[in-house]
Amino acid sequence: LDYPRFSKEVLEPCKKELEEIKQTIYEDIGECNLDEITDVVKHLYQKGYKPAYGLPDSWLKERPEAIFKLLYQYKKKKIFIKQYDTKFQSYIQSDGRIHAVFKADSSVTGRYSASLPPVMALDRRIMNYLCAPEGKALIAVDFNSMEMRALAALSKDAFLIRMLSFKELDFYRQIGALLFKKSADSV
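Per the numbering used here, the very first residue in the sequence shown carries number 43; after that it's consecutive.
No wet-lab data here; the hints were simulated from the structure.
Bear in mind that the values here come from a model prediction, so they are computed numbers and not experimental data.
Treat each hint with caution, since some may be false.
In the SDA-like style, the derived pairs of lysine to any residue whose C-alpha atoms are separated by at most 25 Å in a straight line are [unchecked claim]:
{"hint": "1", "residue 1": "Lys103", "residue 2": "Glu62"}
{"hint": "2", "residue 1": "Lys223", "residue 2": "Arg191"}
{"hint": "3", "residue 1": "Lys119", "residue 2": "Ser136"}
{"hint": "4", "residue 1": "Lys124", "residue 2": "Tyr114"}
{"hint": "5", "residue 1": "Lys119", "residue 2": "Leu97"}
So the derived label-pair ranges between C-beta atoms look like this [as the list claims (entries may be wrong)]:
{"hint": "6", "residue 1": "Asp147", "residue 2": "Tyr68", "range": "46 to 52 Å"}
{"hint": "7", "residue 1": "Ile217", "residue 2": "Pro160", "range": "23 to 29 Å"}
{"hint": "8", "residue 1": "Ser157", "residue 2": "Ile181", "range": "39 to 45 Å"}
{"hint": "9", "residue 1": "Ala226", "residue 2": "Asp147", "range": "32 to 38 Å"}
{"hint": "10", "residue 1": "Thr128", "residue 2": "Ser197", "range": "44 to 50 Å"}
{"hint": "11", "residue 1": "Ala174", "residue 2": "Lys57", "range": "25 to 31 Å"}
{"hint": "12", "residue 1": "Ser132", "residue 2": "Phe222", "range": "41 to 47 Å"}
{"hint": "13", "residue 1": "Tyr171", "residue 2": "Glu61", "range": "21 to 27 Å"}
{"hint": "14", "residue 1": "Gly138", "residue 2": "Asn75", "range": "34 to 40 Å"}
{"hint": "15", "residue 1": "Gly90", "residue 2": "Ser187", "range": "47 to 53 Å"}
Using N, Cα and C, we set each Cβ at its ideal position, and we do this for glycine too.
Starting from the given sequences, assemble the full structure and let the hints guide the process.
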């Protein structure tokens, strides 16, 4: 991982944006602890806003008022910075590499998992900064619909094979639409 480059090109601008968002929020509702929901809600009420209990993300995204969109952006950027700043640095070994722990049998569903760090759930913004050592290659594998692909190959079911050949379709959404006799958009 080229962490210095990632920090300079992604984290530092993200921290700057977070500070700008914070100042804009303060201009609207006054200074408060943005990491303490009760304090934010109190300030929102004082300014005449009617926030939902707990300020859930789904509610913040739907609101037309700019303050709620700013609060949503603040939460998302704060989480990103927390995950990929100090915490993520602790996963980088002395050789400058990340050595995740992969497990094929730790999930109840039988799916692969990875921890320390959870590399299968890395934010897309960090992918461009992962690099292999000199003379080596970094390979990414997407297990998207792997179980269904194995089932289609083993059963030689023409319908499954045809459905899985369309990369732009969400296989499970299509199956849900067939099962519930609805359009794929409504599933």
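Starting from the hint list further up, note which numbers the structure goes against and sort them upward. 3 and 8
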